[in-house]
Structure formats: C-alpha cells, structure tokens
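**Student:** In order, the protein sequences belong to chains U, D, H and E.
Following this note's numbering, the numbering of the first sequence begins with 52 at its first residue and continues without gaps.
Following this note's numbering, the numbering of the second sequence begins with 52 at its first residue and continues without gaps.
Following this note's numbering, the numbering of the third sequence begins with 52 at its first residue and continues without gaps.
Following this note's numbering, the numbering of the fourth sequence begins with 52 at its first residue and continues without gaps.
Everything labelled a hint here was simulated from the structure, so no lab data went into it.
Virtual Cβ for every residue (Gly too), placed ideally from N, Cα, C.
Careful, some of the hints might be misleading.
Sample of chain U residues facing chain D (criterion: CB under 7 angstroms; computed from the structure) [claimed, not checked]:
#, residue
1, 70
2, 76
3, 99
4, 100
5, 255
6, 295
7, 330
8, 342
9, 398
10, 399
11, 400
12, 401
With a Cα cut of at most 20 angstroms, we get these calculated DMTMM-like pairs of lysine to aspartate or glutamate [stated by the list, open to error]:
#, chain 1, residue 1, chain 2, residue 2
13, U, 144, U, 192
14, E, 215, E, 276
15, D, 215, D, 321
16, H, 240, D, 335
17, E, 240, E, 276
18, H, 223, H, 310
19, U, 215, U, 335
20, U, 215, U, 310
21, U, 223, E, 222
22, H, 223, H, 276
23, D, 240, H, 335
24, H, 223, D, 321
25, U, 215, U, 276
26, H, 54, H, 137
27, E, 215, E, 188
28, H, 223, D, 309
29, H, 54, H, 118
30, E, 223, U, 326
31, D, 223, H, 222
32, H, 223, H, 173
33, E, 240, U, 335
34, E, 223, U, 222
35, U, 144, U, 173
36, U, 223, E, 309
37, H, 215, H, 321
38, H, 54, H, 391
39, H, 215, H, 281
40, E, 223, U, 309
Read off the chains here:
There are 4 protein chains.
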Amino acid sequence: MIKVGIVGASGYTGGELMRILFGHPSASIVYVGSRSLAGQRVRDVLPAVPPWCDLEFEEPDPDRMAERCDVIFTATPRGAAVPYAEAAVRAGKVLIDIGTDFRFRDVAVYEAWYGLRHAAPELSRRAVYGLPELFRERIRESRIVGNPGCYPTSVLLGLAPLVKNERIHLDKISIISYSGISGAGATPKPTSHLPEAAENLQPYGVAGHRHTPEIEQGLQLLRGEPPESEPVPISFTPHLAPMSRGILSTMALYPAGEETQEQLQALYEDFYRGEPFVRILGADRLPQTKPLRGTNFCDIAVRWDARARRIIVMSAIDNLGKGAAGQAVQNMNILFNLPETTGLELAGLYP
Amino acid sequence: MIKVGIVGASGYTGGELMRILFGHPSASIVYVGSRSLAGQRVRDVLPAVPPWCDLEFEEPDPDRMAERCDVIFTATPRGAAVPYAEAAVRAGKVLIDIGTDFRFRDVAVYEAWYGLRHAAPELSRRAVYGLPELFRERIRESRIVGNPGCYPTSVLLGLAPLVKNERIHLDKISIISYSGISGAGATPKPTSHLPEAAENLQPYGVAGHRHTPEIEQGLQLLRGEPPESEPVPISFTPHLAPMSRGILSTMALYPAGEETQEQLQALYEDFYRGEPFVRILGADRLPQTKPLRGTNFCDIAVRWDARARRIIVMSAIDNLGKGAAGQAVQNMNILFNLPETTGLELAGLYP
Amino acid sequence: MIKVGIVGASGYTGGELMRILFGHPSASIVYVGSRSLAGQRVRDVLPAVPPWCDLEFEEPDPDRMAERCDVIFTATPRGAAVPYAEAAVRAGKVLIDIGTDFRFRDVAVYEAWYGLRHAAPELSRRAVYGLPELFRERIRESRIVGNPGCYPTSVLLGLAPLVKNERIHLDKISIISYSGISGAGATPKPTSHLPEAAENLQPYGVAGHRHTPEIEQGLQLLRGEPPESEPVPISFTPHLAPMSRGILSTMALYPAGEETQEQLQALYEDFYRGEPFVRILGADRLPQTKPLRGTNFCDIAVRWDARARRIIVMSAIDNLGKGAAGQAVQNMNILFNLPETTGLELAGLYP
Amino acid sequence: MIKVGIVGASGYTGGELMRILFGHPSASIVYVGSRSLAGQRVRDVLPAVPPWCDLEFEEPDPDRMAERCDVIFTATPRGAAVPYAEAAVRAGKVLIDIGTDFRFRDVAVYEAWYGLRHAAPELSRRAVYGLPELFRERIRESRIVGNPGCYPTSVLLGLAPLVKNERIHLDKISIISYSGISGAGATPKPTSHLPEAAENLQPYGVAGHRHTPEIEQGLQLLRGEPPESEPVPISFTPHLAPMSRGILSTMALYPAGEETQEQLQALYEDFYRGEPFVRILGADRLPQTKPLRGTNFCDIAVRWDARARRIIVMSAIDNLGKGAAGQAVQNMNILFNLPETTGLELAGLYP
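Could you build all of it, start to finish, from the sequences and the hints given here?
**Tutor:** In structure tokens, the structure reads:
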C-alpha cells in the first residue's frame with residue numbers, strides 16, 4: 052500500500068485528489084496537511100467526504116510528512132511546495148507538485164512569470180514535467196514531478212500529434228480556452244460570485260496568462276529542443292464559463308502541407324493508440340466537457356477545414372481531473388510501477 | 052460475482068446504475084437491454100462511459116435476461132417492468148424495479164394514480180418497498196423490490212423518526228421539494244429547455260403529483276398500518292430548480308408535544324445510528340444537494356423553531372443516487388447478503 | 052421632473068434602481084452617493100450602464116443630498132439610512148429606504164432582530180411600510196417609506212386575500228421560499244461562490260431569518276392590529292437557488308372552513324382586481340421566476356388541495372424588482388401622485 | 052407612429068422584439084402573426100408580456116399585413132420571409148428580415164449553404180445587409196433589410212477596423228465564438244436539454260456553420276469587393292455555453308505590419324467614434340456578455356500580444372439584442388429617419 056500525504060487538501064484539487072484516492076486499491080492517505088484546519092476531522096470540513104473517513108487535518112510539517120509517506124502531493128500556492136520537495140528528496144521519497152513550482156526546467160522563466168525567486172533551482176532542474184502521454188519514460192525515472200497545469204494539459208495533448216510530426220506552422224499557434232470557475236480556486240472573488248459569473252462569458256489574462264510559457268515549454272520538450280533554446284511564442288486566450296468544472300480548448304492551426312480529414316484522423320488515432328485516457332472522437336462526435344466530470348479522460352477531435360485550409364483541434368478535460376488530481380494519480384501510478392489506470396477507471400458523472 | 056442485467060440503460064437512472072456498478076467489486080453487468088439501441092456499443096452511445104467498457108446494448112428479452120442474470124434492474128416507463136418481474140420469478144432470480152410498477156402494495160392506488168391496469172397484481176402484492184433504512188428486513192426476504200421514488204426517499208427518511216415516535220400531527224404534514232431537472236428524464240421538453248429552465252424556479256404537479264400516494268403509503272408502512280387502512284393525506288408540492296441533479300425537501304411540522312432542539316437532535320441521531328448512508332447534520336451545518344452528487348447519502352437536519360412551535364426538517368439526496376440507482380444497488384447488496392456499502396463507498400463530486 | 056438621489060448605488064438594488072429610473076419619464080437622477088466610488092463615473096464602474104449616462108458618484112452627504120433632491124432612495128446597510136431620513140425630513144423632502152431601517156413600527160422588534168440600537172425611533176414610528184397593494188393610502192400620506200424586504204413582499208401578497216378574509220388558521224402559516232443569490236448582495240462569499248453555489252440548493256437562516264418578524268408585522272397590519280399587540284408567530288424557511296434573480300414562496304395553508312378551487316380563485320381575483328402589478332394566474336399556469344426578471348410583477352397562483360384539505364399558494368417576484376427597486380419606484384410614484392405604473396411598464400427579459 | 056407587424060412573434064427573437072417595441076416612443080405593434088397561435092392573446096402565451104398588452108396573435112397574411120403596417124419584421128425559418136417581402140414591396144412598405152432570407156447578395160451562396168432555392172432572387176439582390184455601423188448609408192435607402200446573424204454581428208464589428216485599414220492578413224482569420232443556448236431557438240433538443248447543457252461546453256457546426264459565408268460576405272462588403280469576386284475563406288468555430296443569452300467572439304489575428312497597443316486602441320476608438328452602440332473598452336476592462344443582456348450594445352476590446360505578435364480581438368453582444376431584435380429596431384430607426392437610439396436606450400439587466 053502506497054502511503055500518501057497531501058498538502059493543501061482543503062482546496063478543490065486536494066479534495067478531488069482525496070476523492071480519487073479513497074477508491075484507489077493500492078494507495079492510502081495517511082497524512083492530510085493543512086495549517087488552518089489542523090486538528091479538525093476532514094469529514095467535518097469537506098461536505099462531500101464520506102462519514103467513514105476518519106482522517107484528521109494535521110500541521111503540515113515537511114520532514115514528518117516525508118518520513119510517514121511514500122509520496123507527497125502538494126496542491127499549494129507558488130513557492131510553498133519547495134520545502135516538501137526538499138524533505139521528500141532527503142528522505143528518499145517522491146513528490147508530485149500539483150502547484151506550479153516544478154513545472155519549468157528553466158528557472159528563469161518561472162521567476163519571470165511567477166514573480167518570485169525559486170528557492171531550490173537545482174531541484175527544479177531535476178524535476179520532470181508530468182504529462183504521461185508525452186513524457187512517460189522520463190516520469191518513470193524521476194523523484195519530483197511537476198504536474199502540468201489544466202490548460203496546458205488540454206492544449207499539449209491536442210497539439211502533440213501535429214507538432215511531433217511537423218504538420219503545422221509552429222509560429223501560428225493560437226489557442227482559445229474556456230474553463231469552469233473551479234479553476235480559479237476556492238476563494239470567493241467578484242469574477243466567481245454567482246450573480247456576476249452565472250450567464251456570463253469572461254476573457255481574462257489576455258496576452259499574459261502564466262500557462263503561456265508552460266505551453267511553449269511543452270512544445271519545446273515535444274520537439275526535443277534544449278532548455279537554452281528560444282521557444283516559439285504561442286498565443287493563448289483563456290476565458291471563464293458559467294459552470295464549475297471543465298476545460299475546452301479550441302485551436303485553428305495552419306497546415307505545413309496538404310491534409311485530408313482521413314489523414315488527420317489517422318494521425319491522431321495512431322499517435323494515441325493504446326493510451327487509456329486519450330479518446331480520439333470519430334466523425335459523429337465532438338468533445339464536450341460534461342461527460343468528463345470526475346474522470347481522467349481527455350477527449351479530442353480533429354477536423355480538416357478544407358475551405359479555409361485550417362486544422363481545427365478541440366480538446367476537452369475535467370480541469371480538476373486530467374487537468375490536476377487525476378493526472379497526479381496517473382503520475383503516482385507510473386512512479387510506483389502500477390498500471391496507469393489503477394484507481395482511475397472512473398466513469399464520468401452524467402448528467 | 053453477481054451477474055446483472057439492466058433494462059432502460061440509456062436513460063439517466065440506467066446510466067448512473069452502470070457508473071456505480073462499474074466500480075462494484077462483486078457485481079458485473081452482463082446484459083444491457085435497450086430496444087432502440089440494440090447492436091450498438093454502450094460507450095459509443097453514452098459519452099461518460101469509459102473506453103474499456105465493451106458492453107453492447109441488446110434486444111431486451113425478459114426470459115433470456117432472466118436466464119443470464121442473477122438480478123435484473125428495470126429503469127423503465129410505467130407498465131414495462133412487469134414481464135421482467137415475471138421472467139425473474141419464473142427463473143428464480145430477483146428483480147429491482149427503479150420504475151413505478153412495484154412500489155404499491157395496493158394495486159388500486161397504482162391504477163388510480165398511474166392511469167393503467169396493473170398486469171400482475173399478485174406480483175405487485177408480493178413486492179417489497181425498497182427503502183432499506185426503514186424496511187431492511189422485509190427487503191432481505193423479497194424477490195421483487197420496488198425501488199422508491201426520488202422525492203419519497205428524501206421525504207420518508209426525513210419524516211421517519213418523527214412519525215415512528217408519534218412526535219408530530221400526522222394530518223398536518225406539508226412538504227415542499229425542489230429537484231434538479233434530470234428527475235424529469237432525458238427527453239427534451241419546454242420545461243427542461245435550458246433557455247426556459249436556467250435562472251428559473253417552477254412548481255409543477257401541485258396537489259396531484261404521483262409521489263403523493265407513495266409518501267402516504269410509506270407513512271402507513273412506517274406505522275404498521277394494514278394495506279386496507281385509509282392513509283392520512285399529506286400535501287406535497289414539487290418544484291424544478293435550475294440544475295441537473297439533487298433534491299431538497301423542506302417540511303415545517305406540528306409537534307404532538309413539547310420539544311427542544313436537543314431532544315430532536317438526539318431522536319434523529321438515535322434513529323439513524325449505525326446507518327451508513329443517512330447523515331444527521333449537527334448544529335453548524337444544513338443539508339445541501341451539491342456535495343451529494345454521485346453518492347448514496349441522505350443528509351438531514353432537524354431544527355426546533357421555538358417561536359413558531361414547529362419542527363423544521365430538511366432532507367437532501369442525489370435524485371439519481373439515493374433517489375434511484377444508488378438505492379437500487381443498496382437493495383441488491385441486501386438481497387445478496389453483501390455489506391450494504393459495497394460499491395457505494397463513493398465520495399461526492401465536488402465542486 | 053422629480054429630482055432623485057440614490058445612496059448605495061453600487062450595490063445590486065441601487066443598480067436596478069438606476070436601470071429603472073433611466074427610463075422613467077418623470078424622474079431624473081441628480082445625485083448618486085457612494086463613499087468608496089466618489090469621483091468616478093457611474094458608467095466606468097457599472098458595466099451595464101449605458102455610455103450616455105454622465106452621472107458621477109459623489110460623497111454621500113445627507114444634507115447636500117436632501118437639498119438637491121426631491122426624493123432620496125437609500126439602499127444601505129442597517130443603520131445607515133437614518134441620517135438621510137433626518138435630512139430629508141428637515142428639508143421637507145421624502146425618503147424611501149430600500150434597506151431595513153424603517154420597516155418596523157415597533158423599534159424594539161428591529162433592535163432585537165437586527166442587533167443594534169435605532170438612532171431615530173420616533174422617525175421609525177412615523178415611517179410607513181411600503182407595500183402599495185396592501186397599504187397604498189397610508190403610503191400616499193407619508194414622508195418616510197420603509198420599502199419591504201424581498202421575501203416579505205412575495206409572502207404578504209400571497210397571503211393577504213386569505214388573511215384579510217379570515218380564510219386560514221393564522222397560527223399555522225409555514226413558508227418555504229427560494230431566492231436567487233443576488234438577494235445576498237454583491238459581496239463574494241463562500242455560499243455565493245459559483246463552484247459552491249451552482250448546481251446546489253441550500254437552506255439558511257432556519258428559524259431565525261430577519262424577514263420573519265417583518266412578515267409577522269405585515270400580517271398584523273393587514274388585520275389592523277395595534278403595534279403593541281403580540282404577533283402570531285409564523286415559520287419561515289429561506290433557501291438559496293443556483294441563479295441570479297427571483298424569489299418563489301410556496302405555502303401550504305390550513306383552511307378555516309370549506310373551500311373550493313373556484314372560491315379561492317375568485318377570492319384572489321377579486322382582491323387584486325385592478326392592481327397593475329399582481330397577476331393571479333389561471334388554471335393552466337403556475338408562477339415562474341424567469342419571466343419576471345426586470346419587472347415589478349408578482350405572479351400568484353392559489354390551488355385547493357381537496358385530498359389534503361390545504362390551500363397551496365405560490366407567489367413569485369424578481370427580488371430586485373418588486374422585491375426591491377421596482378417597488379421603491381412604485382412607492383415614489385404614489386408619493387408624487389403619478390400613475391403607479393409610470394416607468395414600470397417593463398416586459399420581463401425572456402429568456 | 053410607425054405601425055409595426057411581426058411574423059414569428061412566438062420565438063425568442065420575436066419576443067425580444069416585442070419587449071423592445073413596447074417601450075419605443077414612435078412605434079406601435081399593430082399586427083402579430085402566428086399561424087399556430089392565431090386567436091390567442093399574446094399575454095396569455097408569452098409569460099413575460101405585461102398584462103396591459105391587448106395584442107392578439109392573428110393569421111399571418113402577407114398582403115393584409117403589408118396593408119396595415121408600415122414595417123414588417125420577419126423572424127421566420129428560411130424561405131418563409133419571401134412572401135412578406137413581396138407584399139411589402141407591392142404595398143410600398145418596408146421589410147426587415149431577422150431570418151436568413153435576405154442576407155446574401157449572391158443568391159447562389161444562400162442556396163448552396165441553406166439548401167433551398169431562393170424564391171425571389173431579384174428581391175434578394177435589392178436587399179441590404181443591415182449592419183448599421185458598417186453600412187448605414189445603404190440601409191437608409193433600402194426597402195428590404197437582411198438583418199445580420201448574431202455571430203456575424205459580433206465578428207464583423209470586431210474585425211472591421213482592422214480589415215478596413217488593411218492591418219491584418221485576410222487569409223488568416225480564425226474565429227472562436229461561444230453562444231448562449233437561446234441562439235438555437237425555442238424548440239427543445241438534446242443539446243439544449245438542461246441536464247445535458249448545464250455545466251457543459253459544446254462545439255458544433257465545425258468547418259460548416261452557415262454563418263461562415265455571411266462573415267465572408269461581410270468582409271467583402273467592407274473592402275468594397277464586387278459580388279462576383281471570390282471571398283477569402285475564414286475559419287469559424289461556434290460553441291454552446293451553459294447560459295441563455297450572449298455571444299462572445301475571440302479572434303487571434305496576424306498583423307500586416309508593426310503594431311502597438313496604443314495604435315490599435317486608437318484605431319478602434321477612432322473607427323467607432325460617435326457610434327452609440329459600440330463601446331471600445333479601455334485597458335482595465337474586457338468584454339463580458341452578462342451586462343449586455345437586453346441591450347443593443349457591442350463591447351469590444353483589442354489587445355496587442357507583443358510576444359506572439361498577434362492582435363487579440365474580443366467582441367461581445369446579446370445574441371437576441373444587437374445580434375437580432377435590437378439591431379432590427381436600429382435598422383427600423385434608420386429607415387424611418389429616427390435617431391438610431393430611439394427605444395434602444397436600455398441599460399443591461401444586471402445581475
């Protein structure tokens with residue numbers, strides 16, 4: 052049984068992680084860290100936790116946690132995962148950061164976009180970007196996994212077959228994404244206040260969202276470009292949609308050569324053949340976010356717009372599932388040599 | 052392994068039943084019946100079904116089904132469950148009807164409210180009303196279970212401690228319930244059309260909803276009254292709320308004698324002590340529907356309104372969970388002598 | 052042209068008041084008070100305000116306001132309306148308080164339920180409870196109007212025909228209300244955070260909501276009981292529904308004598324005959340909140356439940372319309388001897 | 052007083068048109084045509100219509116209508132507006148078609164995309180594309196106006212300053228739009244069934260939506276290209292968002308030369324200077340759909356993404372307002388030489 056510790060369990064990602072791990076046959080949560088909630092029972096705080104859960108929130112102490120756990124998941128604000136990573140490494144354990152501290156191989160990019168000095172740059176360089184379908188082998192050998200952001204997960208899985216096979220112009224990637232509001236976290240704000248957010252569509256972070264450099268780095272990794280290389284800038288425009296969960300990314304891309312629908316369909320099906328969590332939809336279906344709620348799936352459709360000579364890619368995930376907690380468990384499964392679908396064989400909640 | 056057959060699997064209740072059974076360690080779906088979808092793969096039709104599900108919809112033949120299955124779940128329109136019940140009985144198997152055909156011990160009530168002749172009145176009389184927390188022992192011995200309606204489940208669990216202990220005036224029970232729109236089924240209608248239903252509250256079925264006699268019969272059963280006795284009429288007013296899932300029933304009740312909050316709280320906690328799926332909330336929480344999505348829980352709070360001398364009971368469930376498919380699986384667990392929580396140890400999807 | 056001043060214009064009620072007054076042919080906003088926003092243009096702050104609005108927020112000074120305005124609307128937190136009422140009276144102007152400071156003729160009730168000392172009890176006693184359909188004549192002669200709360204408006208209009216005509220047992224009034232979340236104001240809170248509030252039904256304030264004594268006082272006024280009389284306590288249970296606007300109150304009431312549907316229908320139609328804003332729905336319709344958005348209507352249906360011998364009353368309003376700003380403008384029209392529908396001849400926004 | 056006739060008044064666009072015209076000081080509805088509802092009172096059918104509206108639905112007879120009305124609005128399915136246009140022309144009246152029959156100057160495009168033969172091609176050629184901000188002068192002289200589609204309105208207003216001034220590569224226009232579900236009409240369908248549509252994002256019509264050629268024609272008109280010229284194909288991907296009203300279009304565009312934020316901001320502000328209904332947002336705000344509900348505004352923001360060298364344009368409207376009924380009234384005002392804002396000086400319903 053893998054002994055699991057979670058820091059930041061009171062947030063949405065931490066809660067989803069617990070929900071998945073409660074049903075995981077080979078993992079058991081042994082440490083739930085939360086400064087503000089220490090001493091309280093988890094089931095008394097989180098209304099969706101079943102009554103037979105006897106876990107209590109504890110003071111989140113990195114070393115104590117590393118001692119008692121085989122793996123630590125950090126779902127924490129920027130900067131806060133570092134002491135847990137250091138403690139995990141010292142104790143020979145592994146860390147999966149669902150926050151943002153270990154996603155960038157180039158610490159300078161992290162520091163520029165997140166506006167703080169990275170406290171452990173050498174650890175960051177040893178961390179691996181945890182998108183299993185694209186970088187599975189490197190994850191298997193790592194001790195620190197930077198779990199990808201929600202938007203980058205949907206975007207990179209949607210772009211990978213085209214980028215890997217040089218089928219599009221890299222300098223003309225524009226991404227329009229919409230997300231449910233849980234992506235903005237559990238803290239009430241005007242943009243998430245239901246009377247403002249319901250029946251509303253709102254762009255935000257235009258030309259400056261922090262997932263931009265993460266997507267660019269993902270493309271570099273896909274193409275095998277060294278860390279010091281200059282990334283090709285992409286354009287990324289996120290929006291809020293009036294719902295709790297789900298991300299849909301839509302991309303109109305410019306082909307490098309001749310294409311047909313059949314070629315593109317085959318390209319995607321071949322690329323993801325055997326992948327349990329990526330579903331390439333056929334001619335009669337398009338991705339929707341609702342059926343993915345609570346799952347680790349990514350649904351992708353590719354369409355050839357012959358009139359406009361553009362490749363349209365649509366990629367949907369649950370931002371808290373494949374976009375956060377589900378993918379983190381998938382990474383844990385890889386690190387512990389379990390079948391990747393262990394504990395993730397979940398059907399979506401529908402409707 | 053319990054071999055399970057499902058009729059009406061393409062509806063919301065059937066879909067939720069499959070979602071739960073996919074994770075059930077002692078049951079396996081072997082027959083998925085749907086006339087209109089026969090020959091198609093379940094995962095090609097239902098977008099929330101995982102890709103590793105290889106089930107196919109088949110012609111729903113009662114006898115073939117009874118032969119191949121240990122238990123048949125019917126999630127069918129009124130009247131349609133009867134042939135499956137007959138076949139199950141012939142083959143010595145069991146039937147759990149999530150529809151309305153086997154909820155009434157008095158067939159005349161069924162016929163009056165549902166407007167059709169019951170094709171197998173003697174089977175109906177042998178059926179048991181499947182609300183486990185209240186009628187567990189009778190369920191254990193039955194072969195045909197009439198799974199309760201969604202509203203009656205929330206109402207009867209909320210009322211039972213008071214009714215059993217004669218703490219309220221039976222002739223003054225008034226129930227106001229709100230339900231998510233999935234309760235009205237998967238067929239598009241004006242009242243479920245999002246532009247009409249979103250941002251709307253709508254009463255319906257005032258003074259005539261078919262769950263009224265079911266609640267009245269439940270109260271008779273609770274009080275041990277014989278089938279031929281006249282029920283005490285209750286008032287039940289259902290409403291639609293702009294959401295997919297969830298039921299909240301609120302009842303202002305008239306006490307038979309002196310009450311205090313402490314007494315009422317103790318009454319409810321004692322009544323449901325040891326019940327895994329009924330949670331009596333403490334002073335600091337009130338039932339909400341959202342955390343219950345995907346679960347088999349019923350959350351209840353009782354409050355003594357000393358000024359107005361009324362007992363306020365609020366009871367929340369997932370209409371597709373404890374109100375339908377979850378409760379059906381709980382009944383199956385009882386019938387097959389499994390721990391009642393088997394396959395139902397699910398945390399709610401939140402947010 | 053009536054010169055209007057508004058205090059608290061940055062909240063939802065203030066915003067709705069401006070929206071209505073922009074289209075009012077005989078009133079003109081001349082003073083928009085907001086401490087925090089003083090100096091900013093209204094259209095730069097409130098995104099729904101048209102670009103041709105040149106109003107600026109000003110420091111809210113009671114005397115300056117009373118000098119420049121014919122009527123002051125206060126949409127302010129408890130206690131804050133008093134200085135404006137005093138200034139209005141000094142200057143011979145009128146005040147309509149959409150807050151809670153002038154709703155109670157018995158200051159002790161206000162002080163007990165709102166937890167603060169009333170700074171101008173004698174003004175409070177001279178104020179009139181501004182529910183025009185029930186107390187029109189008294190409003191006409193007043194200088195200070197306490198605009199009713201949203202829930203009490205829906206409840207009192209729904210109950211009035213029965214209470215005035217002694218058709219129900221007064222000691223058995225139980226009210227279940229659901230409200231859109233704008234009723235809780237513009238400040239983000241966990242209960243209004245979309246990921247918590249969407250797809251959720253939540254009771255709150257059980258057996259202690261501050262609209263309870265307001266409803267009780269309304270019933271006293273209806274029955275002509277003196278201020279010092281003891282009110283009959285009612286039971287009132289409010290809930291939040293996952294939507295922005297709208298209130299639906301449902302009441303199962305106990306008849307004092309024999310009733311029929313025809314009698315009740317006639318009672319309601321007669322009682323409200325000629326009232327422009329109360330619509331008694333016929334046999335084929337039930338109140339819904341959505342079509343009322345942006346209007347000053349109250350839609351009411353009454354049904355006789357012959358089986359359970361109960362009268363079911365359902366009453367719907369827009370909580371920001373008839374439940375706040377619309378009714379405030381209706382009161383202004385009365386005070387200034389305008390036709391009551393002036394500026395309120397608005398169709399609902401639908402869908 | 053302009054005498055107005057409406058065909059298709061029972062749909063959402065027809066309903067919104069009535070809502071606006073009820074408040075129009077110079078227009079009066081005299082004929083409301085609906086085959087299925089003939090003989091019924093409008094206020095008995097449409098729940099948002101005020102009780103003082105005494106209009107009745109009548110058999111929609113083109114000639115009778117043309118005789119009694121100064122202007123006919125058709126909100127009808129494809130093909131159905133033609134007889135009204137013919138009758139209007141015969142009688143010397145004007146027709147504004149909010150449907151699709153008079154949007155295309157090249158009838159072959161209409162026939163190819165809409166799949167039916169145009170019954171009056173010469174009338175279609177004389178019709179004018181009714182986007183006032185771009186083609187005001189031609190509208191003024193016309194008798195038949197093809198009111199633009201909802202998506203094209205948001206897109207063309209967003210693109211016009213760049214296209215007119217040749218600031219972008221025309222062959223690289225990709226548009227991602229999201230719409231509320233009222234855009235799909237009042238007929239219930241699976242994609243609009245609340246349990247399927249709530250909490251869901253759904254693309255549709257990928258690479259084949261009928262608004263594609265309308266946008267392309269709009270760009271041709273903007274550039275003064277003759278009807279027989281070949282349009283530059285654009286890529287347009289619409290989506291459904293879980294809400295009733297509103298469209299947001301987002302476009303990442305490729306600059307023809309050097310740009311700065313200041314230049315782009317000035318370009319847009321200059322282009323739309325004096326336009327009452329187009330609001331170019333400043334640096335601190337981005338378009339949102341919610342504040343536009345019930346209005347005729349189009350809110351646009353333009354951003355220079357210096358890293359990716361792309362121009363991001365976001366354009367929001369109410370699909371039933373500026374995207375349909377509001378714009379139709381604006382066109383009527385132009386045709387009848389009224390100030391364009393007459394009857395459209397409406398603040399948005401918020402929240």
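**Student:** Against each hint, give a clear statement of whether it holds in the structure.
**Tutor:** So, going through the hints one by one against the coordinates:
| no. | hint | result |
| --- | --- | --- |
| 1 | 70 | holds, 4 angstroms |
| 2 | 76 | violated, 9 angstroms |
| 3 | 99 | holds, 3 angstroms |
| 4 | 100 | holds, 6 angstroms |
| 5 | 255 | violated, 19 angstroms |
| 6 | 295 | holds, 5 angstroms |
| 7 | 330 | holds, 6 angstroms |
| 8 | 342 | holds, 4 angstroms |
| 9 | 398 | holds, 4 angstroms |
| 10 | 399 | holds, 3 angstroms |
| 11 | 400 | holds, 5 angstroms |
| 12 | 401 | holds, 4 angstroms |
| 13 | U/144 with U/192 | holds, 13 angstroms |
| 14 | E/215 with E/276 | holds, 12 angstroms |
| 15 | D/215 with D/321 | holds, 12 angstroms |
| 16 | H/240 with D/335 | holds, 17 angstroms |
| 17 | E/240 with E/276 | violated, 39 angstroms |
| 18 | H/223 with H/310 | holds, 17 angstroms |
| 19 | U/215 with U/335 | violated, 26 angstroms |
| 20 | U/215 with U/310 | holds, 16 angstroms |
| 21 | U/223 with E/222 | holds, 13 angstroms |
| 22 | H/223 with H/276 | holds, 18 angstroms |
| 23 | D/240 with H/335 | holds, 17 angstroms |
| 24 | H/223 with D/321 | violated, 29 angstroms |
| 25 | U/215 with U/276 | holds, 12 angstroms |
| 26 | H/54 with H/137 | holds, 18 angstroms |
| 27 | E/215 with E/188 | holds, 16 angstroms |
| 28 | H/223 with D/309 | holds, 17 angstroms |
| 29 | H/54 with H/118 | holds, 10 angstroms |
| 30 | E/223 with U/326 | violated, 34 angstroms |
| 31 | D/223 with H/222 | holds, 13 angstroms |
| 32 | H/223 with H/173 | violated, 33 angstroms |
| 33 | E/240 with U/335 | holds, 17 angstroms |
| 34 | E/223 with U/222 | holds, 13 angstroms |
| 35 | U/144 with U/173 | holds, 17 angstroms |
| 36 | U/223 with E/309 | holds, 17 angstroms |
| 37 | H/215 with H/321 | holds, 12 angstroms |
| 38 | H/54 with H/391 | holds, 17 angstroms |
| 39 | H/215 with H/281 | holds, 18 angstroms |
| 40 | E/223 with U/309 | holds, 17 angstroms |
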